[in-house]
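Undergrad: Chains E and X are the protein sequences, given in the same order.
So the first sequence is numbered by our numbering: it starts at 1 and just counts up by one.
So the second sequence is numbered by our numbering: it starts at 1001 and just counts up by one.
To be clear, the hints were calculated from the coordinates, so they are not data collected in a lab.
Among the clues, some could well be false.
[Claimed, not checked] Here are the simulated lysine-lysine pairs, DSS-like style, with alpha carbons at most 27 Å apart:
no., chain 1, residue 1, chain 2, residue 2
1, X, K1124, X, K1308
2, X, K1018, E, K308
3, E, K124, X, K1308
4, E, K308, X, K1036
Values in this document were obtained by computation on a predicted structure and should not be read as measured data.
There are 2 protein chains.
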Amino acid sequence: MTRIVTVAAAQLGPIARKDTRAQVVERMLALMRQAKSHGCDLVVFPELALTTFFPRWYFERQEEIDAFFEREMPGPETQRLFDAARSLELGFYLGYAELANEGGRTRRFNTSILVDKTGRIVGKYRKIHLPGHAEHEPWRRFQHLEKRYFEVGDLGFPAFRASFGAEGIFGMAICNDRRWSETYRILGLQAVEVILIGYNTPVHNPPAPEHDALSHFHNELVMQAGAYQNGTWVVGVAKAGNEEGVEQIGNSIVVAPSGEIVAACTTTGDELAIARCDLDLCASYKNTTFNFARHREPAQYRMIVERKGAIPPD
Amino acid sequence: MTRIVTVAAAQLGPIARKDTRAQVVERMLALMRQAKSHGCDLVVFPELALTTFFPRWYFERQEEIDAFFEREMPGPETQRLFDAARSLELGFYLGYAELANEGGRTRRFNTSILVDKTGRIVGKYRKIHLPGHAEHEPWRRFQHLEKRYFEVGDLGFPAFRASFGAEGIFGMAICNDRRWSETYRILGLQAVEVILIGYNTPVHNPPAPEHDALSHFHNELVMQAGAYQNGTWVVGVAKAGNEEGVEQIGNSIVVAPSGEIVAACTTTGDELAIARCDLDLCASYKNTTFNFARHREPAQYRMIVERKGAIPPD
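Next up, chain E with everything else stripped away, as it sits in the complex (with noise of 0.2 Å):
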C-alpha cells in the first residue's frame, strides 16, 4: 500500500516593504500553477508569506505593525488563495501575521494555516517558540522583534486528519520551533505523517555571528533530526535572499522519515522543490525504532516541564 502526497516547497524569494499583498499572492498564483503542472497535492509556503518579515524593525507606532498584520483569512487580497485552491484542487500552508480579536482584547500571533483542495481551512497554528527579543536593540545590524510584535502561541501543536491526494496526519511549526526538538515529539506523539514549517532566517545572528557560516547546515540538522527521531516527513520551506538589505537563507528542503534530504531548492528566489511522499514510510520508523509506546520512558522525562532554564549542577 502508498498514500503519496505530492509537496511542492514553494519558496518565496525576497518581499520588500514597498511590495503590495496582491503582489506576491500574484507571484504565490504562479507558484500554485506551476506546481499544479506537476501534479501536486500540497503547496507549503514561508512563514509570513505575504509581506516582508517585519520584525527586524524597530516600530513605535501600532498602526505601522498591524499594517503587516490580517485581520481576516481569506481577506480581500487573500480570497484569491482560496479560490485557486479550489479551482486547481490543490492544497496550501501559509504563513501570516494575524490580528485577532478574542475575549474582548486585541490579540496578534504569528499562525499558519492550513488549506484543503476545496479551499477549506482545515487547521491552524501559532507560533510558540518566538525567536530574538522584545526591546528595542539598537546595536544589531538588524532587530528581530518577535518576542514584541506576537504572543506565544495558544493552540499547542495540533495535529490534523486530512486528504491531499491519499490521507494521512498533518502538523505545523513555524521557524524558530523547527529547532526545538520538543516540537517534532509532540507532533510525533499525535502519529504525525507530514510536518509543514515556514521560516525566515537571515544568514547573520547578530547575537553569535560565529553561527552564520554554519545556517544550512543547522537548518537540515534540526529538521532531519526531527523526522528521523519521529518518522515523519518534513517540509521545510523558506523566505529567502536579500530582503530590505538582510540576506535570508533559501535551503527550502523536504526531508523524508529516514531523515534523507529528497527535495531542495537551490535558489534564493521564487521556486519549487517537489516530492512525492509516501504516508506509509513513516510505519517503517513508527513501528520500529521509534515505536513510542514500547520504548519511551515518560516517568524520565519530567524536568523537561518541570524546568525552563538550565540549571547547573551543585
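Dock chain X against chain E, hints included.
TA: Just chain X now, kept in the frame of chain E:
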C-alpha cells in the same frame, strides 16, 4: 578563556565470547597508554566494554547471563583500569553490565561510570532506553534481549561536575539513549558541557532491514542534533566490527556544540579518535539560540510526559 578537555574516543573492535576480561582490559590499557602519549585527559570506552555483546543470545540459565555481569566495580579484573587512571592521570568512561544487590533483591542494569584522574568514580548512570525485546524471537538472525536482561535505569540522567584537564559539567548516556531527544534535553537542562555515550549497534536491524544502509547516517544525525540543540560536546564510542558473526557499526565520533563532527574513527577495530574540546564553546549556543530560560515554553510540552505511545487525532 578556554577550558580544554582533550578527549579520546577509544573504540574497541570485536570481543569474542571466549575472550577473558583480562584480555579485554589489556586492550583497554593499551588504548589508555596511547591516549596518554597524545596528551589526553579522558578516555571514553564503549557500552558493555568488558565482554562480547551478550544480549544477542537467548540464554535460559541465569548463571550463563550473570557471567557477563560485574558484581563489583572495581573488581578483580577491572582494578587495573583504575590503577592506570591514577598512574597515567587519565580519566575514563566505562560501560559494563552491573549486578547489584539493592533493597534485598538482585538487580541488573546496563551501566556506565565516569572515573576521574585519581581513579575515583565520580558519576554513575544506568541505561534508560533499553532497545530490543524481552521474549525469545527465533526468527531473528540474532537476538537483542536488553529488555529481558536489564531493568530500566533508576538514576535519571544525572550531570556531574568533574575535572579532566579543565572543570566542566559531564553527562552520560548509553547506546539507544542517543536516538532520543529527551536524553540530550534533560542533560541540557542541567547545563551539560560534554555527553559521553558508548554503544554497540549492529548494522542489521532485524525488524527494519530497510534502515541498514543508513546506520552511519542515523548514528551521526542523532548525536549532531543532540549536541547542537543543547550546546554541548558529544562523544560517541562504538564497539565495532564483526563480533560473533554480527557486523557492528564503528563510526565513533566527537561532535562539537555546533553539531560539527571534529574527530572520527575510520576502522572497525581498536582505534582512538582525539579531539581538544573547548568547553567554553558551549556558551555561544547556550546563551543565544538555545538560551532555554529565554526561549523554551515548558507549559506547552506536557504531552511529552503525559503520553507514552502515539495517539492519532480523531
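Undergrad: Take the hints in turn and mark each one as holding or not.
TA: Hints versus structure:
no.: 1; hint: X:K1124 x X:K1308; result: holds (26 Å)
no.: 2; hint: X:K1018 x E:K308; result: violated (49 Å)
no.: 3; hint: E:K124 x X:K1308; result: holds (25 Å)
no.: 4; hint: E:K308 x X:K1036; result: violated (40 Å)
Of the numbered hints given earlier, the model fails hints 2, 4; all others are met.
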